[in-house]
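Participant: Residue numbers (my numbering), protein chains in the order written: chain U, 538 to 637; chain Z, 538 to 637; chain X, 538 to 637.
Hints were generated in silico from the structure; no laboratory data involved.
Hints are not guaranteed to be accurate.
[Unchecked claim] Short, incomplete list of chain U residues facing chain X, as computed with Cβ under 10 angstroms: (1) HIS568; (2) THR571; (3) THR573; (4) VAL599; (5) GLY627; (6) VAL629; (7) VAL631.
The beta-carbon is built from N, C-alpha and C at its ideal position, and this holds for glycine as well.
Below are the chains, spelled out letter by letter.
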Amino acid sequence: MTLSKQKIITIVTETRLESALCEDIEKLGGHGYTITDARGKGHRGVRDAVWAANANIRIEVVCEPEVAKNITEHLKKHYFDNYAMILFTGDVQVLRPDKF
Amino acid sequence: MTLSKQKIITIVTETRLESALCEDIEKLGGHGYTITDARGKGHRGVRDAVWAANANIRIEVVCEPEVAKNITEHLKKHYFDNYAMILFTGDVQVLRPDKF
Amino acid sequence: MTLSKQKIITIVTETRLESALCEDIEKLGGHGYTITDARGKGHRGVRDAVWAANANIRIEVVCEPEVAKNITEHLKKHYFDNYAMILFTGDVQVLRPDKF
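Here chain U stands alone, though its shape is the one from the complex (with noise of 0.2 angstroms):
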């Protein structure tokens, strides 16, 4: 059984961004996502923007420690200071096909 090392990326942000952020993962190269509806509170620096009851989402990418690096720079400067998002990493063991 195979488990490789990669980064799990989680972002937090208004609904409205979904289909942005999904074409930006891939185009950035990630092989996939996931995303869960989701209400919260939080605010944000520069704009201090409070969150909206459920129009937020959740989106979760599994992918190698470089691409997690590119789509965080991405998302840094191109919503971070716009938008009310909230993102962070963590490590994971991923379950691989024996094909790869």
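Given chain U, put chains Z and X in place with the hints provided.
Facilitator: For chains Z and X alone, coordinates are given in the frame of chain U:
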């Protein structure tokens, strides 16, 4: 790009605790939380409560280690023996705005 | 306050597998699981299956490392080649009741 080492707390519990827990989390220093509806099964020691399907919530809080400790201790003291609740923590690296 | 080192397994797969997987998890020693509905996209090696939007579930199991290994091996053997499925594990610290 600044990534900050923080803790993530995940709480899975009964839906009826949502507003009480959200208040507690904010009072104890959590700056935000993400909630998703969940179903599941589990049983806990004291009351051996079986979780009803679809009656659960999953709450995530990303915070400083000290805040994580305070939230964990508070929930243990006030809820853990009397409600169906699981709580676990992990390590995450969080993208922060430049201005912090 | 006792925090116990355990593993978390996250499985994202087709909704139709929910009841079969829940039975498997319990038989293999998992004492509980949390399920959320999810959507997403991914493709897998063997069948290169594209995941339908909204037809996924995300299952989390917090358990002892040995149980995590058994669940992972079982899912690899029985589902991984024939269904759209991603599985990854991570480290968590779990709040336990005093009586354990």
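Participant: Indicate, hint by hint, whether the structure satisfies it.
Facilitator: To see whether the hints hold, each was checked on the structure:
| no. | hint | result |
| --- | --- | --- |
| 1 | HIS568 | holds, 6 angstroms |
| 2 | THR571 | holds, 4 angstroms |
| 3 | THR573 | holds, 5 angstroms |
| 4 | VAL599 | holds, 6 angstroms |
| 5 | GLY627 | holds, 6 angstroms |
| 6 | VAL629 | holds, 4 angstroms |
| 7 | VAL631 | holds, 4 angstroms |
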